[in-house]
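Going by the working numbering, the sequence shown opens with residue 1, and the numbers climb by one from there.
Incorrect hints may have been included.
[To be verified] What follows is a set of in silico ranges between Cβ atoms, one per label pair, in the way DEER data are often shown: (1) L9 <-> L39: 17 to 25 Å; (2) D41 <-> R4: 36 to 44 Å; (3) I8 <-> L32: 18 to 26 Å; (4) L39 <-> M1: 18 to 26 Å; (5) A15 <-> L36: 18 to 26 Å; (6) F31 <-> G10: 16 to 24 Å; (7) A11 <-> A33: 19 to 27 Å; (8) V38 <-> V13: 15 to 23 Å; (9) W46 <-> V22: 35 to 43 Å.
[As the list claims (entries may be wrong)] For lysine to any residue, the following SDA-like pairs were computed, each having C-alpha atoms within a straight-line distance of at most 20 Å: (10) K35 <-> W46; (11) K35 <-> F45; (12) K35 <-> D25; (13) K35 <-> L21; (14) K35 <-> S24; (15) K35 <-> D20; (16) K35 <-> A16; (17) K35 <-> I17; (18) K35 <-> V13; (19) K35 <-> R47.
Source of the hints: derived by calculation from the structure; they are not laboratory data.
Note that CB positions come from ideal geometry on N, CA and C, so glycine has one too.
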Amino acid sequence: MTTRLALILGAVVLAAIAADLVLSDGRALLFLARKLLVLIDWMAFWR
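Required output: the full structure, derived from the provided sequences and hints.
Have a look at this one:
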């Protein structure tokens with residue numbers, strides 16, 4: 001991955017986070033964080 005592509009991808013991710021915080025008070029981030037914790041717990045169970 002080139003530096004330029006990494007910077008563009010980082011800017012897109014930051015813009016998506018900012019849009020979520022402004023438009024829906026971070027509900028999508030909270031949803032994804034909860035799902036990530038469930039996934040980590042599930043993976044730890046199968047380890």
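> Between K35 and A16, does the CA-CA distance stay at or below 20 Å?
Replying inline: Within the cut-off at roughly 18 Å; holds.
> Is the Cα-Cα distance between K35 and S24 20 Å or less?
Replying inline: Holds, at roughly 18 Å.
>> For a C-alpha distance cap of 20 Å, please report whether K35 and D20 respect it.
In response: 17 Å, holds
>> Does W46 sit within 20 Å of K35, going by the straight-line distance between their CA atoms?
In response: 17 Å, holds
>> Please check whether I8 and L32 have a Cβ separation lying inside 18 to 26 Å.
In response: Distance hint for I8, L32 holds at roughly 21 Å.
> Should the hint that A15 and L36 are 18 to 26 Å apart at their CB atoms be regarded as holding?
Replying inline: 20 Å, holds
>> Between the beta carbons of W46 and V22, is the distance compatible with 35 to 43 Å?
In response: The hinted range 35 to 43 Å holds for W46 and V22, with Cβ atoms some 38 Å apart.
> Taking 20 Å as the top limit, are the C-alpha atoms of K35 and L21 close enough?
Replying inline: Roughly 18 Å between the alpha carbons, so the hint for K35 and L21 holds.
> Measuring from beta carbon to beta carbon, are V38 and V13 in 15 to 23 Å?
Replying inline: Roughly 22 Å apart at Cβ, these two residues keep to the hinted range, so it holds.
> Does the structure keep K35 and F45 at a Cα separation of 20 Å or less?
Replying inline: 15 Å, holds
> Are L9 and L39 spaced within 17 to 25 Å by their CB atoms?
Replying inline: 22 Å, holds
> Is the hinted range of 16 to 24 Å satisfied by the C-beta distance from F31 to G10?
Replying inline: 22 Å, holds
Going through the hint list in order, the structure satisfies each hint without exception.
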